[in-house]
Structures are given as C-alpha cells and as structure tokens.
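Asker: These are the residues of each chain, in order.
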Amino acid sequence: MISLNQKPKTDLTNQEAFILAHRKHHHRIAFFRLLILLLFLLLWEYATQAGYIDIFFFSSPTAVMKYLYQMILDSSFFRHTGITLLETVVSFLLVTVLGLFIAMLLWYQSSLSEILEPYLVVLNSLPKSALAPLLIVWLGTGSKTIIVAGISVAVFGSIISLYTGFCQVDDELLKLILTLGGTKKDALFKVILPSSVPLILSNMKVNIGLCLVGVIIGEFLAARRGLGYLIIYGSQVFSQKASVTNVKRISKDVPPLDGTPRSSTVRSTNLSHAGESQSDPPCAFINCLYRLITA
Amino acid sequence: MQPILSLENISYSYHNLKGETPALSKISFQVTEGEFLAFVGPSGCGKSTLLSIIAGLLEPESGSLSFDTASTVGYMLQHDHLFEWRTIYQNVLLGLELNKNMTKENIDFVVQLLQDYGLYAFKDKKPSELSGGMRQRAALIRTMAIRPDLLLLDEPFSALDFQTRMTVSADIGNIIRNTGKTAILITHDLSEAITLADRVIVLSKRPATTKYELPIHYDIERTSPLSIRNTDVYQTYFNLLWKELSDDLSEPKTQN
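If you read the protein sequences in the order shown, they are chains A and B. Residues -14 to 280 in the working numbering are what the first sequence spells out, letter by letter. Residues 977 to 1232 in the working numbering are what the second sequence spells out, letter by letter.
Be careful, since some hints might not be right.
Computed list of lysine to any residue pairs in SDA-like fashion (alpha-carbon distance at most 25 Å, straight line) [what the hints assert, rightly or not]:
(1) A/Lys160 - B/Ser1042
(2) B/Lys1099 - A/Pro179
(3) A/Lys169 - B/Lys994
(4) A/Lys169 - A/Ser98
(5) A/Lys169 - B/Gln1066
(6) B/Lys994 - A/Asp156
(7) A/Lys160 - B/Lys1102
(8) B/Lys1102 - B/His1057
(9) A/Lys160 - B/Trp1061
(10) A/Lys169 - A/Leu90
(11) B/Lys1076 - B/Ser1047
From chain B, some residues computed to sit far from chain A (all C-beta separations above 10 Å) [said to hold, decoys possible]:
(12) His991
(13) Gly1010
(14) Glu1073
(15) Tyr1096
(16) Gly1108
(17) Arg1118
(18) Glu1131
(19) Lys1157
(20) Ile1177
(21) Lys1181
(22) Arg1182
(23) Tyr1188
(24) Val1209
(25) Leu1216
Source of the hints: derived by calculation from the structure; they are not laboratory data. Don't be surprised by glycine CBs; every beta carbon is placed ideally from N, CA and C.
My request is simple: use the sequences and hints to build the entire structure.
Answerer: Here it is in structure tokens:
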C-alpha cells in the first residue's frame, strides 16, 4: 500500500493511520470489483444497442432485467427458484450425511476401502449427465430423479476427499487413544471426526455447488419446474424461432424447383443468418437433392 | 522385591514385502515396584517398539512377557497431543472418559492433580494457550488420571527447548518419585537418564538387545537437576554410558 509509506500530515497516531490506510485499501478493492461488473454490463448493453452483436442471440442487460421483472410479477421466478433451491438443499443434506457415513465406514474397515477404491474412482469420474436418462427410466421425471442426479454428482468425490482426510490424521493421536484404553470406535469419534471439522466444512462448501450442478442437469432432462427447466425451455423456444427461420428459408429455396435456380450467394447469406440451428442439415440436404435433380 | 513386569527373550521384527526388519532381539529385564528405569540407545534402535510391546499395542514375535493384566499402563508420548478442540480440563479427563470411569472420586482426583501441578487456573484454556512445559504437565495429568501402575515415558521431553526440558523433566521426575510410581523412560539424552532413573539400561543398535546395565545412586536428594549434575558420581555415570554408546556407534566404522 502506497499510503503506508507516505507520512500522514494530520496528527493521527500510527495505529489510526494504519486503520485508515487499511480501510482505504479495502474500499478501493471493492470499488474496482464493482467497476468491472458495471463496465461489462455497460459494454454489453452498448454493443447490442449499437448493433455490434445481435440482441436475438446475445440478449442484453435491459432485456434480461425486463424478463426478470416480468417473472417476478407473475411469481414464476420464485416458484422455479424455490423448487431448485429445495432440491439442491435436499440433495446437499443427503450427500453430507451419506458421504460422512461411508467415509467413516471405509476408515473403520480399511480392507473395505481397499476393495472399493477402484469402484469409487470409476464412479467419481463417470460423467453424471450420462446417467440422467437412465435415472429418468428408473425413477420417473419427478423430484426424485433430480435429487438423485444432484447426489450422484457430489457424493463420490465427497467420500474420496473425506476418507483421504481421515487417513491423514496423525497415527500418534490414534496411539494415544489406544494407550488410554480406548477402542478404534473411540478413535473415530474422539479424534478423527473432531480433528476433521475444517475438512468436513470445506467439503460441504464444495458439495453445495456440485449439488446445484447435478440438480440443474437433472432439471434439464426431467423437469417441468426449476431453473434447469427454465434454461432448457429458453433454449428450446430459441431453437423453435430458429426453426421457424429455417422453415421460411426452405420455403424461399423451394420456388427454384420450378426450374430457375437461385444464386448461391443468397443461400450462403441465409445459412450464416441461421447460425448453428438444428435445421441446417436437412436444409443443406434439400439443396443437394435439388442440385442433383436439376443437374 | 517382586518384579511387577518381566520380559524374557522378547524379539520383534517389522515385516513388509521387501523383507524383514528385526527391531528387538532377545530382550530380557525386570522392573520392581516403585523403580524408575531408563533405556538409552542410538536413535532408531527400536526403543519405541519395546514400549509398544509393554503397553500391549504390539504382540512380541517370540519370548514371554509377564505383567499383571489387572494393572493399568500409562503411556506418555513424545508430543503432548493435547486435542485443540478440547479445553485442558476436557483433555485431562480423556482417559477416564474412554474407560467410562467418570466417577466423582476420579474427577476429584484429577482436579487435585491439576491443583498440585499448578494447572487448575488454566483448566478452561485451550492447549495452544499454554506453554510447552505446561502442556507436557497436562499430558502427564492425562496419563496419571487413569491411575496407572506402570508409567511408560517415550522421550516425553525431547520436543521441548533446553531450558523448559530441564525444569519439566525435574518436575515430572519429582512427581513420579513422590507418588512412588513405577516408570520406564526411553530417551536418547544421557544426562536425562542419569538424573532421573534408578537404573539405566543401554540398548545396542538395531536389532536392539540389552547391552549394559548401570544402577544409579546418589547420596543427595534428587530434587534439583543442577545439584545432581554437579556431583562427581554424575560425571562417572555419564562417562561410563557415553563409552558404551560410542562403542556401539563406532562399530560400523571399524567394519568398513
């Protein structure tokens, strides 16, 4: 901090000067943090208003705020957020309890952990979104599936990191318990768990984030409510619009069937306008077909 | 006097896939009640293994160990290992808690110990708020709380700085002597062994075996470690033990 090096001209004590400089420093940090956010939003808004980027694909801060306001008005915002929050909290609590319980069991039965270790690694590295369709088949499309999806994302990593942490507790502490006449169970509850409290807390912090990810994945695939559903709904509505654009474009392409082919430049502009919409391949296919016929 | 603990031809080896590491080889000795026995030996010679066998944490591979199963062993480790998530009071009660022995009588006994060793005023503090010497005394109270018939001290002062070590070892030595406890001390510090113990046994390098035995006797009271260190007999004991230990250390050199 520069201000520390400069002698204050007022008659503050060194401690007061230090506190003042400390506060100044923190205010400056907070100011720049906010500034970055504001600049980003302003740039975004400006770029859409000035037409540098297409508002249809990139939206804009004001459009987002308007939509949000509308959602708050018809209270769908709270409904969807509440559902996602509830599902996240339930799967988080289950992950915490399950993770802790299984990690304790693995620590207590070390041969069990040796047997299960490869399975845990495989299950942890399994892409959970690949599981989601199976979950729908097994559990239906309700909250159950979504909560299980949330659990599946977080629980295996949680078990592995908790178990690793438990194993790192100093052996001497366990020896102490044994010399004082305690058992392995005493060691677990009097040493391993209390000394792992910071680990358990940091594990919980990671888990809540992962559970949210899992819940959103679940809602993508199997929900009629929640934030994940809103996202997928939004993108589907978007692709419907894109499809409509494509349908229009196809209809423009169709007239040439009567024998007068359109110039390829028109087609290429149409293609670039449609972006990466799903209807592109059929469109290209029709064009190819058309060329084959007319050739 | 009847020995309360006797070991005969105790051997122990550590095993792993690369092979066998013998740690103890045919160790035999006896401890009588109220005796303070010290073991010295080169580092890594298997001293801690010996205590673990006496405490029943390890099973000897051969040999016999006779010890009254009804009697309790108190084990003091190199580090105090006081739990930071407990107060000093909760820490010293740990042994009673584990043995489900939290009777009024036992708790009163622990409180008395805290008062005797000057820790009562600190009973609600966390271990990190205490000095190294105080922590070690708290660890001793934790060990004494289960009223052990035999105290095992595994280099309990080696983690302390020199000054604290002198005073704390004298303190703890006096406590053990005054309560008439039987104790086995393991140390690599010759002067510590000579000032505290009634008898010193020198162990050879790994695999450890009893090499030399030296009874210690002073004409003066053992209250202050300094007055003992100033006696001529202390010097004689020190030189004798030093010679025994250095013989052992120089052996590999002559082999080369």
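Asker: If a hint holds in the structure, say so; if it does not, say that too.
Answerer: Hints, verified against the model:
With a CA separation close to 22 Å, the supplied pair A/Lys160 and B/Ser1042 stays within the 25 Å bound. Restraint check for B/Lys1099 and A/Pro179: satisfied, since their Cα atoms lie roughly 20 Å apart, inside the 25 Å limit. A distance of roughly 29 Å separates the Cα atoms of A/Lys169 and B/Lys994; the hinted pair therefore is violated under the 25 Å criterion. The straight-line distance between the Cα atoms of A/Lys169 and A/Ser98 is roughly 16 Å, inside the 25 Å bound, and the hint therefore holds.
Simply put, A/Lys169 and B/Gln1066 have alpha-carbon atoms about 20 Å apart, close enough for the 25 Å limit, and the pair holds. Annotation: proposed proximity of B/Lys994 to A/Asp156 holds, straight-line Cα distance about 23 Å (limit 25 Å). Our distance criterion of 25 Å between C-alpha atoms is met by A/Lys160 and B/Lys1102, whose separation comes to about 22 Å. Between B/Lys1102 and B/His1057 the alpha-carbon distance is near 12 Å, which keeps this suggested pair within the 25 Å criterion.
With a C-alpha separation of about 18 Å, the suggested pairing of A/Lys160 with B/Trp1061 holds against the 25 Å cut-off. With a CA separation close to 12 Å, the supplied pair A/Lys169 and A/Leu90 stays within the 25 Å bound. Restraint check for B/Lys1076 and B/Ser1047: the C-alpha separation of about 17 Å stays at or below 25 Å, so the hint holds. Against the 10 Å criterion, B/His991 stays outside the reach of chain A, whose nearest CB is about 17 Å from its own CB.
Consistency note on B/Gly1010: stated as away from chain A, and its beta-carbon is indeed over 10 Å from all of that chain's, at 22 Å minimum. Non-interface status of B/Glu1073 relative to chain A is broken: a Cβ of that chain comes within 10 Å, the nearest being about 8 Å off. Against chain A, the non-interface label of B/Tyr1096 holds: every CB pair exceeds 10 Å, the least being about 21 Å. At roughly 17 Å from the closest C-beta of chain A, the C-beta of B/Gly1108 stays outside 10 Å, upholding its exclusion from the interface.
Interface exclusion of B/Arg1118 from chain A breaks down, the closest Cβ pair being 7 Å apart, not more than 10 Å. No Cβ of chain A approaches the Cβ of B/Glu1131 within 10 Å, the least distance being about 12 Å, so the stated non-interface status holds. With a closest Cβ-Cβ approach of about 16 Å to chain A, B/Lys1157 is found to remain outside the 10 Å limit, as its non-interface label requires. At roughly 22 Å from the closest C-beta of chain A, the C-beta of B/Ile1177 stays outside 10 Å, upholding its exclusion from the interface.
In this structure B/Lys1181 is separated from chain A by more than 10 Å, as the shortest Cβ-Cβ distance comes to about 24 Å. Every CB of chain A lies more than 10 Å from the CB of B/Arg1182, the least distance being 20 Å, so the non-interface label holds. With a minimum CB-CB distance of about 28 Å to chain A, B/Tyr1188 clears the 10 Å threshold, and the non-interface call stands. With a least CB separation of 35 Å from chain A, B/Val1209 remains clear of the 10 Å interface cut-off, as annotated.
Every C-beta of chain A lies more than 10 Å from that of B/Leu1216, the closest at about 32 Å, which supports listing it as non-interface.
Checked against the numbered hints given earlier, this structure breaks hints 3, 14 and 17; the rest are met.
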